Amino acid sequence: MESLLYPMIALGGLGLAFGLLLSFASRKFAVPVDPKVAAVRALLPGANCGACGFEGCDIYAENVAAGKAEINRCPVGGGELAAALAAVMGTEAEIQERKVASVRCRTSCERGIEAYIYQGIRDCRKATVLPGGGPNACSYSCLGFGTCIPACAFGALSVQDGVIVVEGRLCVGCGKCVEACPRGVLEMIPVSQPVCLACNNADKGVQVREVCPEGCIGCGLCAKVCEAKAIEMKNNLPVIDGSLCVGCGKCVEKCPVKAIVVTPAGEEKIGARGE
Amino acid sequence: MHWFELFFGAMLVNNIVLARFLGVCPFLGVSSRMGTARGMGLAVIFVIALASSMTWLVYYWILEPLGITYLSTMAFILVIAAVVQFVEIVMKKLWLALYRSLGIFLPLITTNCAVLGVAVLNVREGFGFVESLVHSVGTASGFMLALILFAGLRERMAESAHDVPEALRGLPLSLVTAGLMALAFMGFQGIF
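Going down the list, the sequences are from chains X and D. Read left to right, the first sequence gives residues 1 to 275 (the working numbering). Read left to right, the second sequence gives residues 1 to 192 (the working numbering).
Extracted from the complex, chain X is given alone in its bound form (with noise of 0.2 Å):
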């Protein structure tokens, strides 16, 4: 008989006091959750992607509950969300344009000019450290290893003819791509800007020709035409202003080597002329 009852008693005994302790210790040491953290948490899209400056939606949530995180910090909620939170938080919001990533190259390493043959490991980081900045003639250009392609949580990215490609529907501007490159070849830019610059390569126009057929010279000429003003050299390329910019497509078709290319946004303003 005691073979039977100091188990069940040693056993029972032990799980009847486990299970005392811990009913008393999740009574006791319970943490109350802010119904407002939940009701922003619920709004949030979940990406977790990190590009709030939060850990996650979890912690943004918190902090806007809490009052220390402004409510239009979330590019993947762009200012649908923002106005929702507002209302959650009885704020007015700031509306913020979504932005996208867009690329400034758009030369391969098939038709572009290549410095020397590499066969090492294929990921631009590691490219990077060899000398000239990889294997590309044109050190500023796409080396078209991917890297940014695993930063992006959304599947925004891809290479096509070894460049990279984004597919502006996938993207949600979190930024991640941005700072996975490590050549700055890929910018963000509001979603509506009507035109944007394919070409990173901040030489003059000589040393531009030299590594790449279709690179930005710096002529300045789509400078001139813009009759908005919204562009404006800097480092030997323009740079667009995507706020004043009107969508005319002059630029794109005063460019020599086609380096301004039409965005999704800008398609329906200059259609197919800039092609």
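No wet-lab data here; the hints were simulated from the structure.
Straight-line C-alpha distance at most 20 Å; calculated EDC-like pairs for lysine to aspartate or glutamate:
(1) X:K176 to D:E159
(2) X:K126 to D:D163
(3) X:K204 to X:E214
Derived Cβ-Cβ restraints for the label pairs, each shown as a range:
(4) X:E55 to D:V90: 15 to 25 Å
(5) D:L149 to X:A47: 30 to 40 Å
(6) D:M1 to X:K68: 45 to 55 Å
(7) D:A161 to X:G184: 17 to 27 Å
Computed from a prediction, not measured in an experiment: that's the story for all the values here. Don't be surprised by glycine CBs; every beta carbon is placed ideally from N, CA and C.
Following the hints, complete the assembly by docking chain D onto the known chain X.
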């Protein structure tokens, strides 16, 4: 010297993952990134130290006096699960920063066989309380060492994944790598 041997013997010679082959699922599961590997390793050290002292007490104060040591496995599972749950609740309340860094790994560790393995080993080797604590922390450090080394290897392999034949990409290559690491750890055999 005895303590030194006990600690490093558990960490390197009898590495829990690479020599005893316990706790292989978290070893393969959370080793794809260095950051998570570090978090998991620290959480395992913490939980193993706590759970092995609790199981030692349960074994020598309850099971042995009653002559029911054959129930040790069951009792240990109960103790480990309860302790981990309890720690998680308390930690969430009192050390929120620590909970943030370890919290998500704690429920995973409840089912980590390395934790139960250490508790059983402590009893089987007849360790005293302090001995079993040193042995447990040594074993858990060995787990963390193996996990971090493996995570480093996997990060490098992921960067050069295109060189790997398609049939071997991902898990197959990870398993081969783990096998080679176990082979390398066999080199520690016999130093104590």
